[in-house]
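Dock chain B against chain A, hints included.
Listed below, chain by chain, are the residues.
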Amino acid sequence: MKLLKMITVAFSFLMIVACGEKTDVVESGTYQGKIKEVEAEKTEIYVTTADDKILELYFTDETTLTKDGKPVDFSMLKENQQVEVKVEKTGNRLDPISVKIME
Amino acid sequence: METLPDFWRTTTFHPLSVHFPIVLLLFAFLFKSISLFSTKETFKLGGSILLIAGTISAWIAIYTGNLADGIVSRKLCDPTVLKDHENFAFTTAWLFTAASVIDLFIHFKVLASLKKWINYLLILLLLGGTSCLFYVGHLGATLVYQQAAGVYTPSEHCEEF
Numbered sequence: 001m002k003l004l005k006m007i008t009v010a011f012s013f014l015m016i017v018a019c020g021e022k023t024d025v026v027e028s029g030t031y032q033g034k035i036k037e038v039e040a041e042k043t044e045i046y047v048t049t050a051d052d053k054i055l056e057l058y059f060t061d062e063t064t065l066t067k068d069g070k071p072v073d074f075s076m077l078k079e080n081q082q083v084e085v086k087v088e089k090t091g092n093r094l095d096p097i098s099v100k101i102m103e
Numbered sequence: 001m002e003t004l005p006d007f008w009r010t011t012t013f014h015p016l017s018v019h020f021p022i023v024l025l026l027f028a029f030l031f032k033s034i035s036l037f038s039t040k041e042t043f044k045l046g047g048s049i050l051l052i053a054g055t056i057s058a059w060i061a062i063y064t065g066n067l068a069d070g071i072v073s074r075k076l077c078d079p080t081v082l083k084d085h086e087n088f089a090f091t092t093a094w095l096f097t098a099a100s101v102i103d104l105f106i107h108f109k110v111l112a113s114l115k116k117w118i119n120y121l122l123i124l125l126l127l128g129g130t131s132c133l134f135y136v137g138h139l140g141a142t143l144v145y146q147q148a149a150g151v152y153t154p155s156e157h158c159e160e161f
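Line by line, the protein sequences give chains A and B. The first sequence maps to residues 1 to 103 in full-length UniProt numbering. The second sequence maps to residues 1 to 161 in full-length UniProt numbering.
Treat the hints with care, since some could be wrong.
Heads up, incomplete: computed chain A residues facing chain B, CB under 7 Å, no partners named [claimed, not checked]:
{"no.": "1", "residue": "K42"}
{"no.": "2", "residue": "T49"}
{"no.": "3", "residue": "K53"}
{"no.": "4", "residue": "Y58"}
{"no.": "5", "residue": "G69"}
{"no.": "6", "residue": "N92"}
In short, the hints are calculated from the structure, not lab data. If you're wondering where the values come from, they're calculated on a predicted model, not measured in any experiment. No residue lacks a Cβ here, since even glycine has one placed at the ideal position from N, Cα and C.
Just chain A, same shape as in the assembly (with noise of 0.2 Å):
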């Protein structure tokens, strides 16, 4: 009994891993927050707001991303930098804009 009580909790612990999170749809405007994520091959970041939002924004070609003033590249991003973001919002998808670290 106690093996499968041992199943029992290994189940539940790959249900939360396996049921992964939700992401939102915000309007297009600037938001402040920190990164949650960053996913380099698909040049994705993921982004939690102020009011515990998460923002999952693919670059694109037209996406600026600087800091200090200046351009600089992808690989400056990291988890927990906090960033600023100006979305555009098309259909249910966010485009970011410009990415803006602030530290």
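Below, chain B without anything else, positioned relative to chain A:
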């Protein structure tokens, strides 16, 4: 003039690989369910083979889906559907992975004293996995048929053909 894209591109690997787990895992569930009432080894062993093969193909489908994601997401009008598709795909794959492990337990007679409960757990996992599989398939279909995910749209006068 537009040129017709090569068929063998990153976004087509996902639709090419995704139908294997759908068929294999649905039949795995069917075979394992029948094996509860039938003494024929065909359903028990056949179900196990289908389950393992289906689970492996599910992870391959996730890999190819992940490759397509980076390209497709930038063009979709509602990428939140893709996110749900991705999340449920992971849930499905993990449920069938857990079912495969449990099935191996049964096969190698690990926890033989709990055989009845383990069998119930296996069917429960397969039922959950199959339900998720249907939903993942539905979401995948809406991505293609409502948002043309990964689909090439020919020019108005089909000049590229």
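Against the structure, the hints come out as follows:
{"no.": "1", "hint": "K42", "verdict": "4 Å, holds"}
{"no.": "2", "hint": "T49", "verdict": "16 Å, violated"}
{"no.": "3", "hint": "K53", "verdict": "12 Å, violated"}
{"no.": "4", "hint": "Y58", "verdict": "5 Å, holds"}
{"no.": "5", "hint": "G69", "verdict": "27 Å, violated"}
{"no.": "6", "hint": "N92", "verdict": "4 Å, holds"}
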